[in-house]
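Based on the hints, put chain B in the right spot on chain A.
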Amino acid sequence: MATRDLLLEIGVEEIPDWMIGDGLAHLSLKMGELTAQLGGTVVMAEATPRRLVVKLSGLVEREADREELVSGPPKQANPQAVEGFAKKNGVTSADLELVETAKGTYFSFRKQVAGKTAIEILSNGLPGIILGIPWPKTMLWPGKGGARFIRPIRWLLCLLGEEVVPFAINGIASGNETGGHRQLGQHRVAVTIDSFEQVLRDNFVILRASERRAKIEQGLPVGVKADAALLETLTYITEYPTPIVGEFAEDYLSLPEEVLVTVMRFHQKYFSVTDASGKLAAKFVAVMNTAGDADGLVKHGNERVLRARFNDARFFYNVDQQKTLAARVHDLKAVTFQAQLGSYHAKTERVVTLVKELGGDAAAVRAAELAKTDLTCEMVKEFTELQGIVGGLYAQAQGEAEEVATAIYDQYKPVSMEDTIPRSRAGQVMSLADKADTLRGCFGIGLIPTGSKDPFALRRAAQGVIKILAEGELQIGLKQLANGVEKLEDFLIERVKYYCSEIRGYAMDEVLAVLSAGADNLQDVLARLEAVKAVRASEDFEPLAASFKRMKNILDQAKFTPSGKVDEALFEDASERALWKAFGEVAARVQGASYAEVLAGMATLRPAVDLFFEKVLVNAPDMAVRANRLTLLFGLKTEFSGIAEFSEIVPKTQETHA
Amino acid sequence: MKTYQEMIFRLKQYWADRGCIITEPYDVEVGAGTMCPETFLRVLGPDEYRVAYVQPSRRPADGRYGENPNRLYKHSQLQVILKPTPADVIEQYLGSLEAIGIDLKKHDIKFEEDNWESPTLGAWGIGWQVMLDGMEITQFTYFQQCGGVDLDLVPAEITYGLERLCAFLQDKESVYDIQWTDAFQYGQVRLKEEQQFSVYNFEMADVATLWKLFELHEGECQRLIDLYRGLDTGKERFPVLPTYDQVLKCSNLFNLLDARGAISVTERVGVIGRVRKLAVGVAGIWVDQQFTNREVAA
Chain A
1 MATRDLLLEI GVEEIPDWMI GDGLAHLSLK MGELTAQLGG TVVMAEATPR
51 RLVVKLSGLV EREADREELV SGPPKQANPQ AVEGFAKKNG VTSADLELVE
101 TAKGTYFSFR KQVAGKTAIE ILSNGLPGII LGIPWPKTML WPGKGGARFI
151 RPIRWLLCLL GEEVVPFAIN GIASGNETGG HRQLGQHRVA VTIDSFEQVL
201 RDNFVILRAS ERRAKIEQGL PVGVKADAAL LETLTYITEY PTPIVGEFAE
251 DYLSLPEEVL VTVMRFHQKY FSVTDASGKL AAKFVAVMNT AGDADGLVKH
301 GNERVLRARF NDARFFYNVD QQKTLAARVH DLKAVTFQAQ LGSYHAKTER
351 VVTLVKELGG DAAAVRAAEL AKTDLTCEMV KEFTELQGIV GGLYAQAQGE
401 AEEVATAIYD QYKPVSMEDT IPRSRAGQVM SLADKADTLR GCFGIGLIPT
451 GSKDPFALRR AAQGVIKILA EGELQIGLKQ LANGVEKLED FLIERVKYYC
501 SEIRGYAMDE VLAVLSAGAD NLQDVLARLE AVKAVRASED FEPLAASFKR
551 MKNILDQAKF TPSGKVDEAL FEDASERALW KAFGEVAARV QGASYAEVLA
601 GMATLRPAVD LFFEKVLVNA PDMAVRANRL TLLFGLKTEF SGIAEFSEIV
651 PKTQETHA
Chain B
1 MKTYQEMIFR LKQYWADRGC IITEPYDVEV GAGTMCPETF LRVLGPDEYR
51 VAYVQPSRRP ADGRYGENPN RLYKHSQLQV ILKPTPADVI EQYLGSLEAI
101 GIDLKKHDIK FEEDNWESPT LGAWGIGWQV MLDGMEITQF TYFQQCGGVD
151 LDLVPAEITY GLERLCAFLQ DKESVYDIQW TDAFQYGQVR LKEEQQFSVY
201 NFEMADVATL WKLFELHEGE CQRLIDLYRG LDTGKERFPV LPTYDQVLKC
251 SNLFNLLDAR GAISVTERVG VIGRVRKLAV GVAGIWVDQQ FTNREVAA
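In order, the protein sequence lines correspond to chains A and B. Position 435 of the first sequence, counting from 1, maps to 435 under the numbering used here, and the rest follow consecutively. Position 157 of the second sequence, counting from 1, maps to 157 under the numbering used here, and the rest follow consecutively.
Okay, chain A solo, but in the shape it has when bound (with noise of 0.2 angstroms):
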C-alpha cells in the first residue's frame, strides 16, 4: 500500500534553550503514538529556538476497517424490541444474529466500522498533543480562554505527503509554509516535505542541532576551554550560528581568573581561551546567530560590552580591597542568614565552634572567621555565583595563610554530586561545620525538606556532608553532625544511603544490610561495605544469609535475650556440637581481623550451619535444650552482626524470581 510522510514544524517565538530537548521528545512520542494505528514511524525530531519540528514516514490513508459487535435485546425479548434495535442501526431484524455470552443469549448487529482517514486523525489530535507538551513554565496568550504554550506559536507546517493537514491552534491555521531567519531568511516561505531542509538552510536556519553544533566547533580556535554545557546552549540559541574571536587589553589580566571567566562565561555566554602554555589568553569567542560580521560590527560590538563589564569587575576589586576581609566580620551582623536563625555574624560564630569541636586545626578556625565575609564585598553582590571564591582570592591578596585562602575559596564545594570535596582539611572541616550549621539550624526551626519542596538545598548540603566525609576519610559520626537530632540524623542517612548505592554503586540490599549494623561512622560503613560487596561473590554467601534471616526470625519470635553461656553438656546431635566447634574456631581466628577476614570465615560456616538446621529443632521441647540452642545462635549471629545485618541481603536468586 502507499504511504506518506507527516511533517510538522510547530514555528514559536524563542523558546528558552534549556527546554527545548524535552518538550521536542515529549512532542516525537506522542506524535508516534497517535500515528501507530498508521503505521507511522518517527523518523526525524530537530528543533532551533523558533521550531519544532518532527517528521515520519510510512503512513497509510487509512486506518484498517474493524467490526463492532453491538449487543442488543435478549432471545426472548418481544418482537419489537428487536425490531427496534435493529432500526436504530439501519438494518432489518433480518440482519440480526443470535450470539452466546457468558451472560446469556442476545440479538446483536456485526457492525463495520470504517477505520479513520489518516488526515481524521491527524486533524483531531495534534492540537491536543501540541498544546499538551509539558513545559516547565507556560504562558497564555493572547488572553484569557486562549492557549497556553512555552512562547506564543506564531506559524503552523503541517503536511501528510502534498497535502496540508487542516487543524488550527488559537486562530492560527496550519499550512505549507515554513519562517525563515529572522533578519537574513524569507519571513514565510512555501515548502513541500522534501524541499523543507534545503529551504530552511537557504533561509539561513540550520535544523539539525548536530549540525549547527559541528558550525560551532569547527569555529572554535586553537586554545579554547572545552565547555559542553555553554555548547550545547549555543546550539540552542541559535539557528545560524557563527563563531567569533574578539580580544580585550592585557591589563585586565591582572584581574583574577576566575572573574574574567564568570564574567565571560555565565554573563556574555562566551568561550575563554587559553594561550599555549594554558594562561588564560586576552581573547574570546562569542557565538553569533548570524552568517557572518563582514565589517566587524559584531566583534567590536561584543568587545565593547565585555569591555565594560570588566571595567566594572575591576571597579569592585578595588572598592573591596579598601576594606579586608577580617574588617567585614562584623559588617556580617547587618546580613541575614535566616529570619530565625539570625544573621551571618551569628552563623559565623556558631561554625568557628563547630569548626573546634570537629577537631579543626588554626586555619580551619579562622578560615571560618572569615568564611561569609565576602558577603558583603560589592564582587559577590554583582556575581553572586562566584561567593567563597571572592572570599579566598581576597584572603589571598590581603595575605592571609594559604590554607586559610584555600579552605575560604573551597567552602561551597561540592556544589554537586559530581564535584570534588575541598581541597584541603581545613577546607573539608571548615566546609562541613558550615552545612551541619546550616541543617541543624533549618531541621531546629522545622524547615525540614518534604518531597520536591527544600527551598534552603538541605538535600544538597547533607549530600555535600556525606561525600566530605567519605571522601576526606574524616572521622567525625553522624550523631555528632546531627547534634543528636534524630530527624537529622536519619535525613543524613538517607544521604548516605543515596551515596553508597548511586555514586559509589553498591547494591542497595548491601547497603541496608550494613547501615542496619551502625550507620554512625562513613569510614567504617564503606570499609564493611567493601567486605560485604567481596564475600558476596562466594557462593556460600548468599545461602549463610538466608539462614542468619532464619537465626533473626526465630529469635525474635522467641523474643530470647541469653542469661548464660552455651552449655556443651546440653547439646543432643552432633550437628550442634559441630556448629558449636567451627564457630569457635573461626571466631579465635578473625579475632582483630579485617572484616573482609572476618566474613570470609563466616562464610566456611555454612555446611555446619546448614546441617544444624537440618538435623534440629531448636525449639525444642525441653526448655533448657531450647535455651542452649538459641544462646548458640544468639552468639553466632552476634559475632557477625556488628558488619552486616545480613537478613537484609536479597539472595540474587530469589530477586530473579521476583
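A few of these clues could be false.
Stated by the list, open to error - With a straight-line cut-off of 20 angstroms between C-alpha atoms, the simulated SDA-like cross-links for lysine to any residue are:
no., chain 1, residue 1, chain 2, residue 2
1, B, Lys106, A, Ala249
2, A, Lys333, B, Gly261
3, B, Lys172, A, Ala249
4, A, Lys299, B, Glu136
5, B, Lys106, A, His181
6, B, Lys172, A, Gly219
7, B, Lys106, A, Ala291
8, A, Lys381, B, Ala262
9, B, Lys172, A, Arg307
The set of hints was computed from the structure by calculation and includes no laboratory data. All values reported here derive from a predicted model rather than from experimental measurement.
Showing chain B alone in chain A's frame:
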C-alpha cells in the same frame, strides 16, 4: 551620527505610526516604566490599549556619583505597551531597531529567556532580554499578572534602555559622552543631577523623615482603599488613580531608604510586603471600578 533626542523622536514616531498613543512621562517618581499607571493599570481589564512613552526611572541604589560610565541613578526607558499583542509583535519590534539606523543584517540579535517579576507589584510576565551584539538593549515581556490579577488580554511590554542603546549607536564608552544634540552631551545635561542625587540618596537623606513620609503615604493609600471597599454606590467616581499615586510614593521612598542603608535584610521582605499589599489592593479596586463602569454604561 544620530543624536540621543533624534533616536527618541524616531522611536516615538515609529510607534505612533503603529497606532500608539504617545504620552509624556508620568510625573511621579517611579523605579521603572512598568509602574506608571499607563502600564500597571491599563494592562488590567478587557480594554484594548496601545501606548508609548519615555519614562525616567529612578533607582537610588544604582547611583554612582556620576563616576561609573554605565550606571545611573536615573535612566530613561522607552516603554511600549501593545494590548493585545499583535501577532507580528517581534517583527514590529525589530522594525523599530531599523528605524533608528540598525542594519539588522549586519548585527547579531538573540532573544534570551528572561522572565520578569515584581514582588512589590504582584506582577509577573514571561519574556526575553533582547541581546544586540552581546548587549542587552530591550526587555520584552508578555504580562500575565498584575497586582495579583490575571490579565484578560495579554499585552506585550517592550522596554528600551535608551542611554545604553544610544551609547551603542554612537559607539560611546560612557553614557555621559552621548551626544544629546549636536551641541550638547548627556553629561552636560545630567551629570550634576547624578552627582547631587547620589550624595542625597546615599548620605544626606534623613532616614526618620523618609520613614515618616512612607508611613503617611501608606496610611493615605490604605485609607482610600478601605473607603472604596466600604462603598455601596458611587464607586465609578472614586479616586482610584490618586490612590495609586500613593503606592508609587511608597515604592520610591522604599527605594530611597534602601539606598540609604536604612532597611536591614530582615526588614526588607516585610517592607516589600507592605508596598505589595497596597499595589494589590489598588489593582483590585481598579478592576472592580472598571467592571462597575461597564455596568453603569449598560
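Status of each hint after checking the structure:
{"no.": "1", "hint": "B:Lys106 - A:Ala249", "in the structure": "25 angstroms, violated"}
{"no.": "2", "hint": "A:Lys333 - B:Gly261", "in the structure": "13 angstroms, holds"}
{"no.": "3", "hint": "B:Lys172 - A:Ala249", "in the structure": "17 angstroms, holds"}
{"no.": "4", "hint": "A:Lys299 - B:Glu136", "in the structure": "15 angstroms, holds"}
{"no.": "5", "hint": "B:Lys106 - A:His181", "in the structure": "13 angstroms, holds"}
{"no.": "6", "hint": "B:Lys172 - A:Gly219", "in the structure": "30 angstroms, violated"}
{"no.": "7", "hint": "B:Lys106 - A:Ala291", "in the structure": "9 angstroms, holds"}
{"no.": "8", "hint": "A:Lys381 - B:Ala262", "in the structure": "18 angstroms, holds"}
{"no.": "9", "hint": "B:Lys172 - A:Arg307", "in the structure": "12 angstroms, holds"}
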